[in-house]
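Colleague: Listed below are the residues making up each chain.
2 protein chains.
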Amino acid sequence: MKLITLKDIKENIGKEVKLKGWVRNYRKSSSKLRFVIFRDAFADIQAVAFKPEMGEENFEKVKQISLETSVEIIGIPKEHQKREGEFEFQLKDLNIIGRSDEYPIGKKDHGTDFLLSNRHLWMRSRKQNAALKIRHTVYYAICEYLNKNDFYRFDSPILTPNASEGTTTLFEVPYFDSGSAYLSQSGQLYLEAGIMTLGRVYDFGPVFRAEKSKTRKHLTEFWMMDAEAAFVEHEENMNIQEELIRYVVCTVIDRNTKELKILDRDINQLKKADAPFKRMTHRQVIDMLKNKGVKIGYSDDFGAPEEEMITEGSDVPIFVERWPKEIKSFYMKRDKENPELVLGADLIAPEGFGEIIGGSQREDDHDILLGRIKSEGYDVKDYQWFLDLRKYGSVPHSGFGIGFERLIQWMSGIRYIREVIPFPRMINRINP
Amino acid sequence: MKLITLKDIKENIGKEVKLKGWVRNYRKSSSKLRFVIFRDAFADIQAVAFKPEMGEENFEKVKQISLETSVEIIGIPKEHQKREGEFEFQLKDLNIIGRSDEYPIGKKDHGTDFLLSNRHLWMRSRKQNAALKIRHTVYYAICEYLNKNDFYRFDSPILTPNASEGTTTLFEVPYFDSGSAYLSQSGQLYLEAGIMTLGRVYDFGPVFRAEKSKTRKHLTEFWMMDAEAAFVEHEENMNIQEELIRYVVCTVIDRNTKELKILDRDINQLKKADAPFKRMTHRQVIDMLKNKGVKIGYSDDFGAPEEEMITEGSDVPIFVERWPKEIKSFYMKRDKENPELVLGADLIAPEGFGEIIGGSQREDDHDILLGRIKSEGYDVKDYQWFLDLRKYGSVPHSGFGIGFERLIQWMSGIRYIREVIPFPRMINRINP
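Protein chains in written order, with our numbering: chain A, 21 to 452; chain B, 21 to 452.
Everything labelled a hint here was simulated from the structure, so no lab data went into it.
Since the structure is predicted, the reported quantities are computational estimates derived from the model, not experimental observations.
A few of these clues could be false.
Since the list gives no way to pick out one identical chain from another, each pair is judged satisfied if it fits inside one copy or across any two copies.
Stated by the list, open to error - Subject to a maximum C-alpha distance of 25 Å in a straight line, what follows is the list of computed DSS-like cross-link-like pairs (lysine-lysine):
#: 1; residue 1: LYS345; residue 2: LYS147
#: 2; residue 1: LYS232; residue 2: LYS348
#: 3; residue 1: LYS83; residue 2: LYS411
My request is simple: use the sequences and hints to build the entire structure.
Modeller: Here you go:
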């Protein structure tokens with residue numbers, strides 16, 4: 021008898037097959053009839069256990085199952101009699117692989133803390149499973165786009181000797197005789213070395229922020245994709261980001277229709293984001309916010325509430341570009357047309373999902389960069405190697421960083437960042 | 021005029037084009053003739069600067085270049101007159117983008133420490149560039165194989181609350197009120213939760229080992245791919261690994277012929293590894309080593325010298341399987357035929373490249389696993405969630421971990437692990 025998975029159910033209609041998986045749910049209909057919701061890695065299926073068809077002995081085994089029992093089921097897949105495109109399974113036999121007594125997650129509402137403490141089990145639920153599958157798709161959609169566009173993967177280090185932007189949110193690690201190392205918050209500076217040999221590079225890995233906030237938006241460990249490209253300037257930098265994000269949108273809709281439905285994601289709304297993105301200057305955005313009654317100045321940054329207002333009524337993400345230099349990083353290139361501004365752009369997702377990308381053209385002039393490092397009060401010695409990149413064959417270049425979990429949230433419509441990563445780490449949560 | 025890269029040189033033979041990149045080298049042939057080795061992200065090309073063809077003014081600009089000057093070159097690509105399949109560039113004009121005065125890496129031999137301190141520049145060399153390109157290929161070859169075989173990416177956490185195997189080589193990180201966190205050495209335990217919802221999963225990210233050894237084989241931060249699969253037992257586990265590694269071998273040969281040549285890699289030797297792998301029990305290996313005169317016992321582990329001897333004379337990797345339980349991890353499943361052994365297998369690469377994979381079937385019996393945790397002296401509380409996986413629908417399962425840099429070393433033939441990662445971290449090296 022053939023061992024199959026629910027991925028191949030269509031090709032096995034009417035044939036006797038074997039499947040391995042878990043019991044998601046079950047119910048008794050009568051003394052002769054029971055229903056088992058069986059799940060494997062790919063899908064759920066309703067298995068019908070009818071005593072006259074199974075025989076007394078096999079039917080008895082069905083009575084032994086409970087939530088999350090692991091089982092092997094034998095029987096015949098059929099088209100569902102009422103729901104088109106769905107399947108049923110006529111059970112002939114069932115063997116228990118592993119018992120599951122008093123599975124702690126039931127149908128009743130559990131508190132967040134309880135679910136997070138049982139994250140290793142909670143991830144078996146349909147919605148959590150769907151979120152993790154979308155995570156997989158978003159990851160590879162990003163990589164596919166970059167690889168097709170001549171970006172090389174270039175893994176930047178996690179253990180770093182100094183901070184690119186302040187130290188208050190850094191995790192410190194004792195490091196042999198060197199004193200301390202810090203967990204990376206971005207690989208960007210390293211990528212800028214990489215482009216000088218590989219042209220276009222990216223990293224994609226965990227970054228860390230010792231953030232003391234407990235909001236639904238913050239993790240202490242999250243994933244970031246940083247990309248950097250030689251000979252790319254501000255406008256083209258935004259074009260690349262737009263193409264990339266639209267590719268991700270289309271790919272998720274294409275590969276995860278089922279998962280988006282499980283999560284009640286409005287797919288039509290998501291589809292609308294595959295259209296030209298809007299671009300506004302920081303100043304235009306401030307004006308718009310002022311018009312909406314927000315008390316904000318022309319040198320101010322935005323918080324989450326302002327981000328929501330910016331894309332209100334917009335189906336597509338919005339680039340906010342040309343920022344006052346005071347509120348952006350030292351490595352951003354000055355705007356030729358107005359040296360008070362830098363050529364940075366943040367990309368704000370629609371539907372209130374906030375900032376998903378931060379990027380900029382980078383300062384490629386050695387002396388201007390040195391001046392910025394000094395005026396920020398950083399130790400020049402720490403940035404000597406970074407300055408070298410402007411000393412030996414400097415080129416115009418740009419880059420951007422995608423907050424991976426933020427992007428998954430937008431794709432999946434999940435409001436809590438802790439649900440789009442397998443084992444979330446927060447200020448008060450490092451278990452399991 | 022069209023801006024192209026050296027990737028598209030073939031399609032532009034005879035046309036006037038523009039290229040952007042760097043000067044790898046140059047030489048004066050006569051007062052009228054100079055040669056410039058131009059490089060971009062894809063290749064090198066010799067540009068011929070002949071005064072009568074360029075004109076006085078443009079030829080003067082060529083005289084201003086130095087090692088690693090960034091330039092824009094304008095001219096006509098041609099087939100190389102003598103070397104088939106190669107190209108030359110007839111220079112018409114050259115514009116300097118960024119100067120490069122006294123580039124520190126020259127033709128003379130530099131010491132390792134000097135090169136590592138200038139890693140941000142050293143990576144521009146042909147061999148370092150080739151190694152990083154092979155790294156990219158190996159990464160995606162692994163992902164491609166796994167994705168095609170129904171494995172889902174499942175990012176395990178870096179910040180972990182306790183050690184799976186001892187604490188002496190762990191990096192400790194102060195973590196808010198929780199006391200300490202530790203940097204992960206393997207995501208395996210987390211993946212075992214993942215398979216219960218996604219069937220087959222893998223992670224692929226940095227792991228950390230506070231290793232006090234300074235050998236050419238050790239990094240404190242390196243990359244690991246851990247895979248785990250439900251319903252897969254010991255034999256199939258090895259089959260998956262073999263197929264995966266053979267896929268990587270073929271992919272690297274296919275996509276990186278040029279880079280392998282730059283590194284003087286013996287491609288024919290590498291090709292021979294695409295054949296059935298050998299399998300030996302730990303006991304057979306000990307017997308073989310004894311025959312070769314090694315003083316070793318039946319309960320001993322191997323070191324690097326023994327690993328080299330094991331694959332001596334073998335073109336293919338060798339699985340060493342069924343190990344004495346004392347020298348392997350607590351989570352490995354006992355061999356039914358001999359409870360003194362566990363169903364683990366290490367894969368040893370040929371040509372002296374040592375262990376590239378460690379894997380095993382996992383203990384899926386709750387009580388046996390609990391006994392192992394206790395007898396190792398671990399705190400059961402720390403492993404409660406891991407035990408839960410055997411309590412609620414346990415299934416037979418197996419997994420393995422690939423040492424990413426070790427595998428790249430074998431593919432590329434590079435003997436020093438520090439050369440196959442962009443910014444190596446070692447006991448005495450965290451800069452740049």
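Colleague: With reference to the structure, classify each hint as holding or not holding.
Modeller: Evaluation of the provided hints:
no.: 1; hint: LYS345 <-> LYS147; result: neither (42 Å within a copy, 39 Å between copies)
no.: 2; hint: LYS232 <-> LYS348; result: within (22 Å within a copy, 40 Å between copies)
no.: 3; hint: LYS83 <-> LYS411; result: between (75 Å within a copy, 19 Å between copies)
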